[in-house]
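Student: Residue-level listing of the chains:
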Amino acid sequence: MENSFVLRALERGYDKLLSTGQTSSYVAGHPEATITRHSSFDFGPYQSGRNGFGRVRVFGDEVFRGLGCGYNMHPHHNFIICAFVLEGQLTTINTIGNIDQLGPGDYYAFSAGSGGKHCELNLRSEDANILYVWILPDQLLLPPSYARGRFDAAHTSNRLVTLVGDADGAVRVSQDVKISRLSADRGITCTYRPNSSAHGVYAFVIDGKVSINDVTFGRRDSLGVWGPAPLTVNIDTEDADVLFVETAP
Amino acid sequence: MNSELFKRWMCLGCGFLYDEALGSAEHGLAPGTRWADIPESWVCPDCGTPKHLFEMVEIPYAPGQPVSQQTA
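Residue numbers (the numbering used here), protein chains in the order written: chain A, 89 to 337; chain B, 164 to 235.
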């Protein structure tokens, strides 16, 4: 297993899905609706990158463009699917019984477990930008579940906030994975300490410019690191936003 | 008789699970059908992901599972 890697924004997998033609039953929306997906790890037709990171298998940076664009109702099992809305609005409907609308800062964890379907839609004309993170569960065929949370950047700026995992106020999932977010509106330095020497941290820059362990990362660049050494995160004066996904091996 | 332990395979496109011990009667695979004996042209019955994009997993079942092969 490599100890660390840097993945620049443009090195990620790229896919464009149309609501017409071969993907018409999968992709919702009017004929001009398109989903664009940048994948940090192998997913779908993109299979020339890394096959995941620890317990994480999918990290998709997706844009639903066009009114009604998204994924029609489709089945899942087992995966814990987390969605973090960055821009626009996401409507999610699932067979657990949830019909939910999420805006910027909102997120959910949908654990498909023994079987569940969901539908993901952008019901507005402006683009919706969503990060999808798929996590392997620690048990197969768990009862399906859905929980949502909110990251309020205005009230939690300049400090690391745990969104998913074993922490107060976070959405719990059935896996040794922790997802945190740091949104800064001024220059700060913070240290990310992994839970153990066996854990790995995948840091993804949502926006801005960030220096991690003295390497500079721009918008949508990312870094994966294994081992006990803390990550030193340095943000200069401009705004920056970083997601940290920590996982057992 | 193949004495190797039965294995479980998960679809990386949707999470569909194939357990060699259980097979998948719904999809014409008898209990005990080894992954290696399923044709390479086989695809995930739920999402169409090709067989080679499944991952062998050593994750235990949740308590009470599997109830049946068609738990969805």
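In short, the hints are calculated from the structure, not lab data.
Glycine included, each C-beta is placed from N, C-alpha and C at the ideal position.
Any given hint might turn out to be false.
[Claimed, not checked] If the Cβ cut is set under 8 Å, some of the chain A residues that face chain B in the computed set are:
{"#": "1", "residue": "ARG145"}
{"#": "2", "residue": "LEU229"}
{"#": "3", "residue": "GLY237"}
Student: Indicate, hint by hint, whether the structure satisfies it.
Tutor: For each hint, the structure was consulted:
no.	hint	verdict
1	ARG145	6 Å, holds
2	LEU229	4 Å, holds
3	GLY237	22 Å, violated
In this structure, the one hint that does not hold is number 3.
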